[in-house]
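Enquirer: According to this note's numbering, the stretch in the sequence shown is residues 118 to 436, in order.
Just to be clear, a hint being listed does not mean it is correct.
Unchecked claim - Simulated DEER-style distance windows between Cβ atoms: (1) 179 with 210: 23 to 33 Å; (2) 404 with 375: 22 to 32 Å; (3) 375 with 168: 39 to 49 Å; (4) 414 with 247: 46 to 56 Å; (5) 231 with 313: 27 to 37 Å; (6) 179 with 339: 38 to 48 Å; (7) 426 with 189: 35 to 45 Å; (8) 281 with 249: 16 to 26 Å.
Stated by the list, open to error - Here are the computed lysine-lysine pairs in the DSS-like style, where the Cα-Cα straight-line distance is at most 25 Å: (9) 177 with 219; (10) 229 with 195; (11) 195 with 219; (12) 430 with 384; (13) 430 with 359; (14) 384 with 427; (15) 248 with 219; (16) 436 with 384; (17) 436 with 359; (18) 386 with 359; (19) 280 with 309; (20) 386 with 436; (21) 359 with 384; (22) 174 with 229; (23) 229 with 219; (24) 386 with 427; (25) 335 with 386; (26) 311 with 280; (27) 359 with 311; (28) 174 with 219; (29) 386 with 430; (30) 335 with 309; (31) 229 with 280; (32) 359 with 280.
Bear in mind the hints are in silico, worked out from the structure with no lab data behind them. Beta carbons: idealized from backbone N, C-alpha and C, even for Gly.
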Amino acid sequence: NGISGIRVHDGESGSLLSIPEGYIWQDIGNYYGAGTSLVNWNENQYDIRFESTAFGKSAKISGTDPPQTHVTFTNDIKAAAPGSGDNAFIFCAPFTTMAYLKGTIPAGSSFKISGAMPHASLSLAQELYRKIRAAGMMADSNLTTTSQVSGPFEKGSIVAEHKSPAFDSLNFYFLRRSVNLYGEAFVKTIAKEKTGQYSLDTGLNIIRYFWSQRGIDKSAINIADGSGLSPQNRVTADALVKVLQFARTRSWYNSFYTALPVYNGMKLKSGSIGGSRAFAGYHTSVSGTTYSIAMLINNYDGSSATAVNKMFKLLDLLK
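All chains, please: the whole structure from these sequences, using the hints.
Expert: Rendered as structure tokens:
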């Protein structure tokens, strides 16, 4: 009828390597730069809610969901023109208790931005504590995380168990929603399965070796993370096409193909980072020819929308 404490096992507690070394400072504190550990929940994201405010005035924080009571926010976000969109950034390193908010949000309406939990396992422990108390059970506020497993608990019993969906379901969500955390967790899981170590670098080395054994030079897959968020990533179009062609020979191809989004009437996965756009996937023309496609452009001038429209016009030649 009561719980004396809540302990969450976090495989990388206290380690800044919950995020890849190549992530940039502007990305780290925002939802798409969330770090990974053995405990990943709510995609390690939270929302910051802002009160309606007038143009040019400072925006006021009205709350966070789920609550981030262990984080102190320094808010320098202003209200811009209505309809101007989300131009706000959260600067917050993993496992810190300080976050700095900078940029603008639209004036005249309630608004929220999403951030990366600086300590996801601690946030989970706090959420469990709130749920347990809300259910009328007693619980001490003894909330801890650990990176060491000392064996099973000597006392107590399992009250609930939650299992991950199957990998093809996770991959479907990863490709459709482009949640970077999934890519990082996949790479570390590969390392765990092959070596017993939950390591990003080990996973990346395994991936490069796997493809080198199938005719792709390691230098053609010069990757620094599992998601592509780091500007240090370098992958050739030729390597991407060979990977896509390999996938067509596998038993899991139909699942992979189904998971790909649709752009320009084609089954393509998109990719974007400052000054770069990419599409890779498949298309079957009206004549019945099936193409494996990889198109990457870097350092383009003009807007991203203009660049994408020009890429689509070129891809239309394959229809």
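Enquirer: Which of the listed hints are broken here?
Expert: Violated hints (numbers, rising): 15, 31 and 32; every other hint is consistent with the structure.
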